[in-house]
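*Asks:* Could you put together the complete structure from these sequences and hints?
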Amino acid sequence: MKVIVDADACPKAVLQTCLDLGRKHNIQVWTVASFNHNIKSDHHIMVGSDSQEADIKITNLAEKGDIVVTQDWGLAAMLVGKQARCLSPGGKEYRPEYIDFLLEERELKAKYRRSGGRTKGPKKRTGKNDTDFLIELEKMIIQG
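In our numbering, the protein residues as written are 271 to 414.
Please note that the accuracy of each hint is not assured.
To be verified - Pair ranges (Cβ atoms, derived):
no. : residue 1 : residue 2 : range
1   : Ser-319   : Gly-386   : 42 to 52 angstroms
2   : Arg-293   : Glu-377   : 23 to 33 angstroms
3   : Asp-320   : Lys-398   : 14 to 24 angstroms
4   : Arg-383   : Gln-322   : 27 to 37 angstroms
5   : Arg-383   : His-295   : 20 to 30 angstroms
6   : His-307   : Pro-392   : 15 to 25 angstroms
7   : Lys-381   : Gly-318   : 24 to 34 angstroms
8   : Gly-397   : Arg-293   : 33 to 43 angstroms
For the record, the hints were derived by calculation from the structure and aren't laboratory data. Model, not experiment: these values are computed from the prediction. For glycine and all other residues, C-beta sits at the position ideal for the given N, C-alpha and C.
*Replies:* See below:
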C-alpha cells in the first residue's frame with residue numbers, strides 16, 4: 271500500500287498529515303503536482319501543466335489497495351474503479367455506491383455555470399476538517 275496525494279490543490283495541513291502518517295506507519299507517500307508547485311516529498315512526481323496531466327499520472331501510479339487523496343471527483347471515480355481507496359481533504363471517503371451521484375451533481379453544476387449561472391465554492395477549511403482527515407486516513411491505513 272502507498273498513499274498518493276493529488277498535490278496540485280491539496281491543503282498544506284493535509285499534505286503534512288499524509289507525510290507524518292506515512293512515516294509513522296512506514297508507508298510510502300507519493301505526491302504528484304504540476305511544475306508550478308514547490309512540494310517537498312521523498313517521492314514527488316512533477317508533471318507539466320497540461321490539463322489532466324497530474325490525474326493521468328496518478329491513475330497510472332495507483333494500484334489496488336492504495337489510498338489516494340484528491341478533491342477531484344472524476345479522478346476518484348476512475349480510481350475507485352481500480353479498487354484504490356480515495357479520500358477527500360475533508361476526510362470523506364469516496365465510496366463506489368455514491369460516486370455516480372457525485373459525478374451527476376458535478377455535471378449539473380457545470381452545465382448551470384456554462385449557461386451563465388454561479389455556484390458557491392468550497393467552504394473555508396477548519397481545524398475540524400484537519401482532524402477529520404487525520405482520523406479517516408489513519409483508519410484507512412490501519413484497515414489496509
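*Asks:* Hint by hint, which ones does the structure fall short of?
*Replies:* When the structure is compared with the hints, numbers 1, 2, 3, 4, 5, 8 turn out to be violated.
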